[in-house]
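Student: Using the sequences plus the hints, can you model the full thing?
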Amino acid sequence: MLERPDKYWRKFSDAGADILLIHYESLCNLSKTFTEIKSSGKKYGIVINPDTPFEKVKGYVPDSEIVLIMSVFPGFSNQEFIESSLNNVTQAKNFIRENSLNTKIEIDGGINDKTGKRAVEAGADILVSASYIYKGNIG
-12 MLERPDKYWR KFSDAGADIL LIHYESLCNL SKTFTEIKSS GKKYGIVINP DTPFEKVKGY
48 VPDSEIVLIM SVFPGFSNQE FIESSLNNVT QAKNFIRENS LNTKIEIDGG INDKTGKRAV
108 EAGADILVSA SYIYKGNIG
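Numbering (our numbering), first residue to last: -12 to 126.
Mixed in with the good hints there might be a few duds.
To be verified - Simulated restraints, written as ranges between beta carbons of each label pair:
id, residue 1, residue 2, range
1, N65, D112, 16 to 26 angstroms
2, V107, D38, 15 to 25 angstroms
3, E85, T39, 17 to 27 angstroms
4, I120, A4, 18 to 28 angstroms
5, K25, K45, 10 to 20 angstroms
What the hints assert, rightly or not - Straight-line C-alpha distance at most 35 angstroms; calculated DSBU-like pairs for lysine-lysine:
id, residue 1, residue 2
6, K43, K(-6)
7, K45, K80
8, K29, K91
9, K(-2), K30
10, K45, K(-2)
11, K(-6), K29
12, K101, K43
Simulated from the structure, these hints should not be mistaken for lab results. Just so it is clear, the structure is predicted and the values come from calculations on it, not from any experiment. Cβ coordinates follow ideal geometry from the N, Cα and C atoms, glycine included.
Tutor: Right under this line is the structure:
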């Protein structure tokens, strides 16, 4: 997680990124940053940490390509899945359905065969798994 994505998103864009995901908890003006990204022709998404209620970010969802729900706190790999993150997935899915949006829900952190299944059942469209795959834990 970058603390000041408003200062660095252009570097990622110039490097070829098509979609830029910005943490709600970052230290920047989200609306201004999203407007700049959109004006550049790129797409964006909103990211929330496990302890941030979905309710706080739903205003950003209609224009977002992706809502990324973190199911661990950013910082390092191989953390335990935080079950309460599934509440945010379900709330995001309900909001997207109720508003007929095309926004995708992604979940990242502690994803394995069991937690991934629960995340999909809760409404996740995209699963991000690192340690489980790279450590060869796949049956």
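Student: Please verify whether K45 and K80 have alpha carbons no more than 35 angstroms apart.
Tutor: 11 angstroms, holds
Student: Given the range 16 to 26 angstroms, decide if the beta-carbon distance of N65 to D112 lies inside it.
Tutor: 24 angstroms, holds
Student: Regarding the pair K45 and K(-2), is the alpha-carbon distance no greater than 35 angstroms?
Tutor: Holds: K45 and K(-2) sit about 27 angstroms apart, inside 35 angstroms.
Student: Compare the distance between the alpha carbons of K(-2) and K30 with 35 angstroms, and conclude whether the hinted pair is satisfied.
Tutor: 15 angstroms, holds
Student: Does the alpha-carbon distance linking K43 and K(-6) stay inside the 35 angstroms limit?
Tutor: Holds: K43 and K(-6) sit about 23 angstroms apart, inside 35 angstroms.
Student: Does 15 to 25 angstroms hold as the CB distance between V107 and D38, or does it fail?
Tutor: 23 angstroms, holds
Student: Would the pair K(-6) and K29 pass a check requiring their Cα atoms to be no farther apart than 35 angstroms?
Tutor: Cα-Cα ~16 angstroms, so holds.
Student: Would you check the hint for K101 and K43, treating anything up to 35 angstroms between C-alpha atoms as holding?
Tutor: Holds: K101 and K43 sit about 28 angstroms apart, inside 35 angstroms.
Student: Taking the beta carbons of E85 and T39, is their distance inside 17 to 27 angstroms?
Tutor: About 20 angstroms separates the Cβ atoms of E85 and T39, which means 17 to 27 angstroms holds.
Student: Run the distance test for K29 versus K91: straight-line Cα separation, threshold 35 angstroms.
Tutor: Distance ~16 angstroms between K29 and K91 Cα, so the pair holds.
Student: Measuring from beta carbon to beta carbon, are I120 and A4 in 18 to 28 angstroms?
Tutor: 22 angstroms, holds
Student: Given a hint of 10 to 20 angstroms, does the C-beta separation of K25 and K45 actually sit inside it?
Tutor: 18 angstroms, holds
Consistency note: the structure conflicts with none of the earlier hints.
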